[in-house]
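There are 2 protein chains.
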Amino acid sequence: MTAPSELRPRGPVSPELLRSVFRRHAAGVAVITARGEGPAGFTATSLTSVAAEPPLISFGVGTASFSWGVIARTEHVGVHILGEHQSELAARFATRGSDRFGPSTRWRGGPQGVPVLDGVLAWMVGRVVSRIPAGDHHLVIAEVVEGDSSGPGRPLVHHQGRFGGLRD
Amino acid sequence: MTAPSELRPRGPVSPELLRSVFRRHAAGVAVITARGEGPAGFTATSLTSVAAEPPLISFGVGTASFSWGVIARTEHVGVHILGEHQSELAARFATRGSDRFGPSTRWRGGPQGVPVLDGVLAWMVGRVVSRIPAGDHHLVIAEVVEGDSSGPGRPLVHHQGRFGGLRD
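Taken in order, these protein sequences are the chains called S and X.
Per the working numbering, the first sequence starts with residue 97, numbered consecutively.
Per the working numbering, the second sequence starts with residue 97, numbered consecutively.
Same shape as in the complex, but just chain S:
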């Protein structure tokens, strides 16, 4: 049964409440890359598989971020699923001003010129098909045109602001 007071229209909750809910959530960790004037990339915990036919994925980008300047214009993105041995890489691609493609990062030019990171569990190249404005972010949808899932290891997981791994 629903009490009448439960049917009152409500406004949006605070950003703090949303954050407190998602601190309870766990997420796999991805690095999204693209080629702008040089290689660019950022850590994302919003990667999901959207559809099988055609093969679509999505992820979010803050519209005020440096990364959005590149993602807004690129035709292709690289999408990497990080292993639990890669928490330093995840932190590097999440830190403002860090040297993301310096000597500490092993990478190569991959299909469609997209930077592909070494040592990941799996990677894909996606052709961006949609950029959907959503509040202070954009939701990006890409069709997967290339991929490999043969890297060794188990996934890195983000929870309560920290990187960790799965229980055996």
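One or more hints might be untrue.
To be verified - Ranges between beta-carbon positions, derived for each pair: (1) S/Pro105 x X/Arg119: 39 to 47 Å; (2) S/Pro199 x X/Pro248: 43 to 51 Å; (3) X/Glu133 x S/Gly193: 25 to 33 Å; (4) X/Glu133 x S/Pro105: 28 to 36 Å; (5) X/Gly198 x S/Asp214: 48 to 56 Å; (6) S/Arg204 x X/Gly165: 29 to 37 Å; (7) S/Ala168 x X/Asp195: 42 to 50 Å; (8) S/Glu133 x X/Arg204: 50 to 58 Å; (9) X/Gly198 x S/Gly205: 51 to 59 Å; (10) S/Gly198 x X/Arg106: 45 to 53 Å.
Hints are computed from structural coordinates only; laboratory data are not their basis.
Source: prediction; values computed, not measured.
Cβ coordinates follow ideal geometry from the N, Cα and C atoms, glycine included.
Let chain S serve as the given structure and place chain X on it in line with the hints.
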């Protein structure tokens, strides 16, 4: 350096390749509910936080699914973050033909008439603001209008087709 052969346009990969990549990914587990003719709901591993201002979330629904018939019409959804003690609940809401709101499921009528599950880590009620067709799925965006993050426990995680937990 990128070899010219790497710049050939490519078509979409097979659904099998996409699946093999996402078997390497880990995801938190949510149950999405709505009130249709009766209570309805399904397990989703695609829940993400999209924006802070306004507070937006997203999840995917297969367009051929029974759930889509309800989600296509509802104004509000319930979104629940499951704990590692709730793998049976996750399996029930992922199994075709199961008695999802039968005696084994503890739930109540929540804000806006949305079914709210008991014993979860956190729950939200979202007002659906967008339903985006994406291949054989729809991507749903909702604005969070109510929520609670005070449930005890640690998150349930989905990986390689199984439910598990995080390492301490």
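For a quick check of understanding: which of the numbered hints are violated here, in increasing order?
Those not satisfied are hints 3, 4, 6, 10.
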